[in-house]
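Chemist: Chain by chain, the residues:
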Amino acid sequence: MASKAVYSQRDPMLKKRDDFEDILEERRNSSDLRYALRCYAPVVYKGLCPSKAGTLKSMVLQSDQLHYVIHQVCRETGRAVDDVQEEVSSILEEMAHRLQLSTVRFFAFTLSKVFKTLFRSICVNEEGIQRLQQAIQEHPVVLLPSHRSYMDFLLMSYLLYTYDLALPVIAAGMDFMGMKFVGEMLRMSGAFFIRRSFGGDKLYWAVFSEYVKTMLKNGFAPVEFFLEGTRSRTSKSLTPKLGLLNIVMDPFFKGEVFDVSLVPVSISYERILEESLYARELLGVPKPKESTSGLIKARKVLSEDYGSIHVYFGQPVSVRSLAEGRVNRCQFNLIPRHIPKKPSEDIHSFVNDSAYRLVRAQEENMVLKPWVLLASLLLQNQVSGQKRGIALDELTEQAVWLRDLSRQYGAFLHWPEHTPPSEVVSSSLSLHRGLVRISEGRVQLALGQSYAVTPEEELLSQAVIILSCASYRNQALHVFLRPALLASAIHTASSNKKQEVFNSFSFLRNMFSNEFILCPGTYCMLFTSHWCCVSQDVLVTERGHRTLVFLTSMLDPFLQGYQVVCRFLCEEATEALTEKQFIPAVRKFIIKHLLAGRLRYTEVLSSDLQKNSLAALLRLGAVRKIKGYQGTLKVNTVMVNSLEDTLGKKPAVRNQQCLGSFQNISTLSVFFCLGGKLPTQKAVIARL
Amino acid sequence: MASNSSGGSSDRQRIAQQRLRIIAGHLQRPVDGDSAILAAECKAQGSKPDTSREEKTVPRRRQEIMKWNGWGYSDSRFLFNKKGQAEFTGKRYRLSGMIIPGLKDWFECTFGASLQHKTPATPLLNSSAVQPPTLNEAFVEELKSTGIPFSQDAEDRVFRAHGHCLHEIFALREGKFGRVPDMVVWPNCHNDVVKIVELASKHNVCLIPYGGGTSVSSALECPPEETRSIVSLDTSQMNRILWVDEKNLTAHVEAGIVGQDLERLLNESGYCTGHEPDSMEFSSLGGWVATRASGMKKNIYGNIEDLVVHIKMVTPQGVIEKSCQGPRMSTGPDIHHFIMGSEGTLGVVTEVTMKIRPMPEYQKYGSVVFPNFEQGVACLREVARQRCAPASIRLMDNEQFKFGHALKPQVSSIFTSFLDGLKKFYITKFKGFDPNRLCVATLLFEGDREKVLQHEKQVYDIAAKFGGLAAGEDNGQRGYMLTFVIAYLRDLGMDYYVIGESFETSVPWDRVLDICRNVKARIVRECKERGVQFPPLSTCRVTQTYDAGACVYFYFAFNYRGLSDPVHVYEQVEHAAREEILANGGSLSHHHGVGKLRKEWMRETVSNVGMGMLKSVKDYVDPNNIFGNRNLL
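Here the protein sequences line up with chains V and X, keeping their order. In terms of UniProt numbering, the first sequence has 38 at position 38, counting the first letter as 1, and numbering is strictly consecutive. In terms of UniProt numbering, the second sequence has 159 at position 159, counting the first letter as 1, and numbering is strictly consecutive.
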């Protein structure tokens with residue numbers, strides 16, 4: 001009962017997913033002003049203690065927890081209580097939101113205007129809204145949207161206002177506050193600001209956690225935050241941050257609330273506003289500091305077409321059900337609950353697992369547009385060296401094939417059913433004019449249009465296009481990831497024995513656990529269960545082969561990226577390489593190799609990939625951080641070398657078609673052909 | 001009720017009258033059929049002439065006055081009369097013979113029950129359905145020679161095979177009997193018990209002590225796996241007050257005496273023990289000791305562990321007792337604490353020396369209405385902090401307040417109903433209390449008149465700080481009456497597809513609100529998940545205050561129409577509720593005990609070492625498991 005909640009929406013083949021409704025339609029037909037001024041009377045939590053934003057602050061200041069920490073800080077530092085209390089007040093002042101309906105109405109009005117200009121439609125699953133409405137009344141609610149754009153949280157509040165639901169309070173990064181006027185506006189629309197890092201600051205942590213808990217426990221408003229911590233620049237889900245999740249689960253562990261509902265929300269943009277901004281950032285052009293003037297300059301985006309947005313409000317997940325049989329709440333019986341305590345091992349691993357499952361739920365419910373499939377195909381095509389691109393009708397044929405395949409794997413694909421595929425393809429392509437070029441009936445990525453002087457500049461400008469494109473492909477990555485890992489595992493394994501493949505599979509899984517969302521735990525069992533399916537009848541089909549090629553190509557850029565980072569560390573890492581210098585140094589190294597034609601994938605220039613691979617190596621102990629030397633990296637060359645070798649058993653540069661043994665392909669073919677037809681099996685893969 | 005305030009007769013007299021009315025005014029003449037067997041009565045004890053003048057409630061044949069498949073006296077029960085009005089039969093209680101007009105609507109609305117859908121109990125005990133006794137002939141032979149009365153009659157045995165857990169009563173109503181004792185013995189005094197225990201040890205017979213039979217922990221259930229002959233040792237005939245020591249204010253009492261007799265007899269000489277558990281009409285002194293009982297007036301008199309001065313218990317190893325009656329001793333771990341709470345696993349408590357107090361000069365009920373439960377708990381906490389709790393203070397939640405309201409008997413005058421209406425108007429309209437959130441605390445003050453009034457003022461002043469409004473003596477008194485009739489009400493519910501029970505816990509102050517909310521919510525949720533078709537009644541009250549926490553009592557009942565195995569569902573929900581209690585920092589039990597019902601949680605409750613300690617005591621005292629009810633461990 002407990003674990004199923006997260007996955008209940010998993011399989012669109014088994015259960016039809018909810019229908020969407022375009023909320024902009026009504027906005028185009030009726031007055032925005034009336035809409036902004038309409039009567040707003042949301043349903044509230046049944047245990048609500050009505051309180052204003054101001055009383056909230058005093059509740060926090062008077063809490064036992066804060067008292068305890070204040071006195072602890074005083075004892076440790078010898079500061080006066082008043083002094084510390086003052087600090088607490090100012091922290092709280094800096095943090096607290098000042099939710100006002102008038103500001104929300106202002107946003108409702110302006111955003112209506114903006115959204116209508118930018119987007120064709122904003123589609124929301126109404127059943128999700130109904131479920132949310134129910135959940136809000138029953139228990140404190142935590143909204144967990146995916147984070148791909150600045151737009152996300154304004155959009156969330158806008159939607160909740162539209163549907164007459166309680167407006168959330170939103171944990172936002174302090175960087176927003178830098179934007180003078182806007183920061184305050186956001187504050188009044190429900191944002192509260194937290195510092196990006198406050199690792200050791202006991203006092204800050206106490207104020208922050210107490211503030212969030214107070215709002216949650218009293219049902220003041222749904223609490224909203226981003227599990228991923230920050231916007232994903234790659235459109236891949238980021239590995240979840242646990243701090244806030246820990247805080248919102250704590251009242252349940254301690255019995256202060258009966259339950260907490262976690263609602264994963266998946267927001268997918270057909271075209272992301274920050275598209276090329278992200279790509280530049282990944283290539284090392286630093287992110288511009290948020291400023292009001294910057295926002296105004298960004299006005300030119302208003303003139304473009306950004307397609308549609310799909311927002312899917314997932315099934316509320318009960319923390320109580322999740323924790324059943326996993327967390328022994330009695331552990332809080334013997335110490336007063338207001339004394340802060342480091343979470344125990346079982347709580348930590350529970351929160352971690354839950355976080356992964358919630359991010360997986362976000363992924364599962366993410367609506368994919370046809371363009372996402374096209375991006376995947378175009379990227380693969382580009383890499384395979386077809387300089388002239390791909391013929392439009394061939395692309396259409398491939399897209400249709402991929403559409404069917406992705407659906408078999410449970411993708412939540414929004415493909416217009418009653419439109420001819422060719423139209424679907426061309427309309428998708430036209431929306432992304434900046435990324436693709438169509439000439440003489442052939443389609444290819446819009447590379448090489450720049451007026452770059454040096455080859456390096458040209459490479460970087462191409463990389464911007466490729467990374468933008470990859471970010472769309474990445475939206476579909478979660479659909480293919482698990483089978484792709486198995487495909488690569490069969491490929492890299494030295495033989496086709498089950499144990500070998502399993503070892504190889506575990507290795508990849510372990511290696512990439514900073515890169516992708518792979519739920520911790522039980523994969524051994526799951527591997528075994530679907531391996532059995534695989535190794536039954538052997539049947540070779542053309543289709544299985546094609547699938548296999550596609551899947552391995554999906555993972556190849558990542559394999560090569562990790563390899564090249566390993567090579568860099570072995571060849572070029574000096575004694576004095578610090579963590580800070582790592583990215584620029586590895587980038588330089590990669591550019592060199594790319595220009596020399598020694599690397600296939602321009603994508604590996606992505607600093608996200610580089611960071612993840614370093615994190616993986618640190619985790620595996622192949623690289624160590626030496627403390628006290630500004631984070632100098634100490635490379636275990638032997639280990640890194642052997643990791644590179646293991647990754648490179650199938651050299652990524654080698655021809656795609658050159659696949660392993662005949663039998664490998666055939667077993668897999670069976671598996672991949674069956675994939676869509678056996679729901680149980682698919683569930684198994686998805687959970688890997 | 002109204003007579004409370006109308007002074008006239010002396011306080012003392014009035015209180016005596018009142019007490020007799022409330023608790024013990026419903027006595028019958030003892031029914032003692034065969035006095036011939038009394039020839040074997042113990043002669044050892046010298047009893048004071050005035051206390052040996054017998055007027056005892058519980059006869060050997062309980063069936064003569066009590067129900068075999070429900071709570072209490074045969075003549076007292078709730079029923080819906082032909083007009084569909086609820087009434088309470090008999091003459092024993094204040095409520096007896098009265099019409100309760102509000103009950104039907106409350107019953108139907110709360111449970112979705114209907115008077116059309118009845119589930120009547122099997123009317124008669126069918127002796128042939130009872131397993132024939134497994135007798136240990138040698139034991140029986142030797143027992144005969146002692147002259148101690150015993151019986152192998154099926155009815156006698158069935159009566160002693162159960163307590164009052166829901167599943168026990170439910171099975172009886174369906175005419176189903178599990179393992180029952182093979183015979184019943186009625187020792188008359190301590191020495192009889194010594195003889196019985198010796199014989200049982202000699203012949204390897206399993207003994208299960210039986211006092212008042214009010215257990216709600218499956219403690220009296222015969223372990224089905226027991227293959228030896230099971231003998232129920234009924235202490236009910238050991239019911240004398242052996243002496244009263246007015247200098248030290250103690251009384252030495254045989255352990256089989258039931259609460260109402262003990263109070264009544266002591267009252268006659270101007271004393272009381274002040275120990276009044278809700279079951280005091282039927283529960284026995286020995287049972288209180290064996291389960292660590294708690295009385296509603298513990299704030300003045302203390303719980304059972306505070307009240308006993310000396311205990312005599314017969315074990316297979318011999319008799320255990322202390323050598324003196326010093327009020328406190330530093331002689332290693334207190335051996336009384338091996339006895340108290342041993343739940344019949346170590347031996348039989350035969351005689352107890354208990355503290356007694358002069359009867360209070362003045363008694364006054366009261367009640368306070370709070371706008372919500374949170375405020376009410378805060379008030380109780382403050383009262384506990386100031387250590388000024390009255391003899392009893394209980395806080396009922398909103399559902400229970402409504403329940404209590406539904407039990408208001410028909411008022412005789414228009415004036416009273418007019419006053420009621422006015423009161424309601426004042427509280428809900430004028431003071432703005434939400435009738436669906438307000439809750440009520442009931443109070444009982446005791447002592448000399450001046451101090452009671454002073455005390456009352458202090459408590460009401462505190463209550464006012466938490467938004468409480470005094471709501472009259474009447475409401476308070478009815479609250480206490482509820483505890484005596486609640487068990488009868490369960491039988492009424494069971495006539496109409498409604499089953500339920502109560503359970504309790506103790507919890508630190510800071511967790512009281514959380515535990516109440518979470519356990520109630522858990523019950524509702526579990527019922528829903530297990531297919532209960534109607535929303536359950538899930539309600540609680542805070543019944544005792546301590547320095548460091550409180551005792552919380554939950555009532556839980558639901559309409560089981562549409563369920564194939566209601567008892568199983570009930571048990572699952574209760575199990576889940578107990579898990580929830582433990583997860584919220586509550587104890588396994590405040591005063592009901594562990595029995596067999598809550599055994600599974602004992603280890604985590606007292607730790608491995610604690611379990612080992614208890615086990616080693618059992619192993620020494622009763623190596624052959626003569627006291628084989630298998631409670632606790």
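Hints should not be assumed to be uniformly reliable.
Stated by the list, open to error - The calculated DSSO-like cross-link candidates involving lysine-lysine, where the alpha carbons are at most 30 Å apart (straight line), are:
id: 1; chain 1: X; residue 1: K615; chain 2: V; residue 2: K46
id: 2; chain 1: X; residue 1: K457; chain 2: V; residue 2: K217
id: 3; chain 1: X; residue 1: K528; chain 2: V; residue 2: K57
id: 4; chain 1: V; residue 1: K57; chain 2: X; residue 2: K465
Unchecked claim - Which chain V residues stay away from chain X? Per the calculated CB distances, all over 12 Å, these:
id: 5; residue: I23
id: 6; residue: H139
id: 7; residue: L154
id: 8; residue: R329
id: 9; residue: P343
id: 10; residue: R442
id: 11; residue: E571
id: 12; residue: S642
Derived by calculation from the structure, the hints in this document are not laboratory data. Don't be surprised by glycine CBs; every beta carbon is placed ideally from N, CA and C.
Chemist: With reference to the structure, classify each hint as holding or not holding.
Modeler: Here's how the hints hold up against the structure:
no.: 1; hint: X:K615 / V:K46; in the structure: 48 Å, violated
no.: 2; hint: X:K457 / V:K217; in the structure: 36 Å, violated
no.: 3; hint: X:K528 / V:K57; in the structure: 38 Å, violated
no.: 4; hint: V:K57 / X:K465; in the structure: 24 Å, holds
no.: 5; hint: I23; in the structure: 33 Å, holds
no.: 6; hint: H139; in the structure: 9 Å, violated
no.: 7; hint: L154; in the structure: 35 Å, holds
no.: 8; hint: R329; in the structure: 4 Å, violated
no.: 9; hint: P343; in the structure: 17 Å, holds
no.: 10; hint: R442; in the structure: 59 Å, holds
no.: 11; hint: E571; in the structure: 56 Å, holds
no.: 12; hint: S642; in the structure: 47 Å, holds
Checked against the numbered hints listed earlier, the structure breaks hints 1, 2, 3, 6 and 8; every other hint is satisfied.
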